[in-house]
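Protein sequences appear in the order of chains A and B. Take the first sequence: its position 133, counting from 1, is numbered 133 in the working numbering, and each next residue is one higher. Basically the working numbering = 1-based index in the second sequence + 1000.
Hints in this document: simulated from the structure, not taken from any laboratory. Cβ coordinates follow ideal geometry from the N, Cα and C atoms, glycine included.
Per the computed footprint, the stretches of chain B lying under chain A, defined by three or more beta-carbons under 8 Å from a beta-carbon of chain A, are:
1) 1001-1010
2) 1015-1028
3) 1075-1084
4) 1090-1103
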Amino acid sequence: MPPDPPFRHAIEVAGLRKVYVSKRGTFRRTRVENVALDGIDLAIAQGELFGLLGPNGAGKTTTVKILTTLLLPTSGSARVLGRDVVTETGAVRRRIGFVFGGERGLYWRLSGYDNLRYFADLYLIPPQVSKRRIPELLATLGLAGREHDKVEGYSRGMKQRLHLARGLLNDPDVLFLDEPTIGLDPVGARDLRLLVRGLADDGKTIFLTTHYMFEADAICDRVAVIKKGQIVAQGTPGSIKQRVGEIGVVEFEVDALAPEGLDRLRALPGVSSVVTAERELALRVTIHCAQPPDVMTQLGKLLDGVTLHRVSSREATLEDAYVDLVGESS
Amino acid sequence: MRALMRAAWSAFEMSLRLRVVNPWTYLNWLVFPVIFAATGLFMLSSSGIDRVAYGVLGGGIIGFWSVAYLDGGNAIQDERWQGTLEQIFAVPAPLLVIVIGKIVSSVLLGLLAFIPTVALAYFGFHAVLPALDPLRFAVSLGVLTFSFFIISVALTPLFAVWRWAFTVLNGLELAVYGLCGFMFPVSQLPGWLQPVSYVLSPTWATRALYASASPSPNAGIAGWWLVALGLSVAYLALSVLLYRYVDVRARVTGELALA
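With the hints as constraints, model all of the structure from the sequences given.
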């Protein structure tokens, strides 16, 4: 294989855009365009653990699939280790690993060992190397002793660790992890985060997508927040938090609240977002705003006739910073 | 090159192991061919030695075709449902190498379809093929196997890129029974349909197979082998273009994943 061309960043993305085209209707077919990525730019250094954060449908998975050569961009460019992901797919595929979240993506009727051996052959890894590397990975990822059990008998955490082992089979320089902790219990998720951080400390470049702000904050060197296909913030987790550091939070609970009431809250000066969450017997409303005292004094007037419970004011957390950036309302 | 051959072998081995534990495989090579063979033998056992060959071998050819062609496509559908289709698409080994490994396992399993059908003919109907020329029969079966293998390799990428392809090609599986003369001679088809049969390589391989098992003059058998092989090579050339197209198409639409 020819040597890598010189490159400044392990991952370089410029003006990346992806538009999915689909057809709607049964007899009268109409063409529908869905913009998944709308011109994003990223530059990720070698050995960096980079997190891409965003809500569902923001464009995280599309970004990963383009960078792992599974999708073609509509326009823009993307290079991994100096190689173009569109035209140099073979060279890129040899040097990267990827792990998609969830339980699928494994042969459940075969053992964990057989899954790894199969993929080692598809990655064109010499048998003498795979015979050494597979037991090493199984031991590192805590699967030793269960490797000859069928995957269908594995817990979700074990399946996710097997995914990670598969992603590391070719000892990749760049590892892509698409929501790797989704569905894992807190202990399993923490263990996986520690493993990922350890890989980055060993010099691997890691591109992680997640919608858990605390996860990115715990392990990432830098993060970008993506919303509707556009990067809305980029920097260290600390700098992202500082951007919303001036914002406070007002929270209260109500039995019910009409959409007009929420609209009146959103129209208040200094309010950046209003988020609702269903509780067992109440609706919890979270308001991100510049001046919590001002908002609190106006609540009674704006929501006349609505009984408010547990009204409180507090400083913004990491989760609030993320919600404020993506402007999510649920 | 050795690494690619190892990848193909691994795909073959994996595919075989997954099929062995899949009940659908047994329906295709064991149950369905016997049903077809029994029907053919009931209808043809008193029609003369030329026609009995269609009863004895027809069910086996149908089973062979079903496993080689449909199971190959089904294997790709299974990969999609398991979420592994994207994984095997994004490995350094070319998709063609993986598909070849999978189809070889289909073809070998498909050949097993002749065992129950020939056994049924012999033990159930006392039907034998006394005029069978073993050498010509073996070569014809080899040509038929190559023909099925190439068609499966060529069409499998369609299953990867279009989810509806499996439904359409499932229907074509039945059409091929008639068009390629699996259970009756192509000459029985309407004249306007016969040209379609002649561009399908299994037609010529099947014709050679039946000729090698019947007492009728079969001077043209070598020519039929060559036509079947020539058409297969042409399909292979077209499939190279198809694989290139599928590689781009799959990456444009993202059809490899379920969601």
